[in-house]
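Listed here are the chains, written in short residue letters.
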Amino acid sequence: MSERVLMKGNEAMAEAAIRAGCRHFFGYPITPQTEVAAYMSKKMPKIGGTYLQAESEIAAINMVLGAASAGVRAMTSSSSPGISLKTEGISYIAGSDLPCLIVNVERGGPGLGGIQPAQSDYWQATRALGHGDFHVLVFAPSTVQEVVDLVFLAYDLAEKYRMPALLLSDGLLGQMMEPVSFPDPVEGGAEKPWAACGHQNKRPHNIINSLYLKADELERTVVERFARYAQIEAKEQRCQQYLCDDADYILVAFGATSRVSQSAVDTLRAQGIKAGLLRPITLWPFPKDAIRAHIPHVKGFLSVEMSMGQMVDDVRLAVEGKAPVGFFGRTGGVIPKPSEVVEAVRKMAGGDR
Amino acid sequence: MSKGGETVLEHLKSCVIVCGHYGAGKTNLTVNLALAAAQSGEAVSVIDMDVVNPYFRTADFQELFREAGIQLIAPIYANTNLDLPVLPPSVGAAIREKTGRLFLDVGGDDDGAVALGGFSALLEERGYSMLYVVNSRRELEPEPGEEAALLRRIQTASRLKVTHLVNNTNLGPETTSEVLLQSLPYLEEVSKRTGVPVLGAAAEERLAPHLEAEGLLPVRVYVKPPWS
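Listed in order, the protein sequences are those of chains A and B.
Read left to right, the first sequence gives residues 5 to 357 (the numbering used here).
Read left to right, the second sequence gives residues 246 to 473 (the numbering used here).
For the record, the hints were derived by calculation from the structure and aren't laboratory data.
Don't take every hint at face value.
[Unchecked claim] Quick partial rundown of chain B residues pointing at chain A, CB under 7 Å, derived from the structure:
no.	residue
1	G268
2	N326
3	E450
Model, not experiment: these values are computed from the prediction.
For every residue, glycine included, the Cβ atom is placed at its ideal position computed from N, Cα and C.
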């Protein structure tokens, strides 16, 4: 463990990736993500790594595809509009069963939207980060320290299951500063016997590919991949719970809104309303088992988001109509205030008491 | 900021430029100094010269400044979705004014200091103090050499000279007296390498009573996340 230092979320993310063995970063600047690329551009040349500012986001993600094919820990980062551009390449990476780390420091949308923080790429991250039948692992940190910790976990699980991992941050987490410490550096990660890194006539060729000439062959490959997804859904759901055990109302919030919601829970408890917070750490797989466990004792769940209501779909799917599920959110770069969240819960509880 | 801030201001010219590494705590220091000056009855203006950071900036304190009677001059599109670094013409006017107390909060390393360079002739004419803010806990392996190099790059970009170093070493809410005390040799080293004297050390009000260091500046934390 390193000494404690005060860092921006974006800088800490870049340092964490380097310490997790990433030596190949391909990016393109966009606010509010730019510090990730800026940090990489300063550090990579000093440690023999590669920082490459590509000509576009599309080029950057395809460089990740190439680097990941060779078995190295590769990374790219962007903000919302840039991630949209990357989705074709992400689909190819998933279709080639390659691990890599993709970072989205979310900002407001749609379109160019704005540069203020948002969480309105939830659907994109968990449902459609490209065409075709596939998933990516999605991690949602809520503190600068957790940004660091999840970068390590994201690489490990991406390699374990041979699939891309997405770290879903937002402008607020990226720009804010908090004290962090870093785990000791690791090198390279897991063994990768599948990597196309030069066979030296000692083994058969490894081929990295996402094209299948026969329909039944493609179907078989996708079905096998989904069997792996089922294992991940069973084993890798992660969340943190705060005062949920006796809660009448459970707020479900990730990332920056979970910090706002935790303040709201404290206020509500002080007002005599038994509120709790369930914070998903993995958005895919979504921690539905933890949510379901609370159905018998809650009067309702409230999904709190910086969007028009996207994760609330997953809360509803988990709850299966067995408890009321509400939504409160602000969007377009507006951060909900703890007092607004308190008000939303009080309304759910039947108005002022 | 209480008495310490006012004492510090006595050592400074009426025009105070605050620069440094991004994230060193320039904005929080500027807000504290401005409030101290206003409290002692000075007519205070603050210019948010940050043309680099999208958020967490002096322009966030419009309300607080209004209550304290402080005039805020900010980039026209600060805190909007337009990533356009346009400074209003009132910046030049405020520097020319020559009366009252003026603070310039210069964001983001030497890139941010370029905007300041455009006003160097006016600032030379008025006279200024230029504070270089240091947080020695911003880097995993802080190097006085690199700190000195950044200071020089800021001087080149702004075409101005740093007159004082301010020690703003902190770990946010985890700051202890030890954190601050451990940083003193680092500041001395940066001072030795640059020939710029240390004006003092900023310490949160909760820590200040337990500290005995020269030129202590008790400060409050104004730059906070939206949930606290």
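Do the hints match the structure? See the list:
1. G268: holds (6 Å)
2. N326: At 3 Å from the nearest chain A Cβ, N326(B) passes the 7 Å test, so the hint holds.
3. E450: Nearest chain A Cβ about 19 Å off; hint violated.
The structure shown violates just one earlier hint, number 3.
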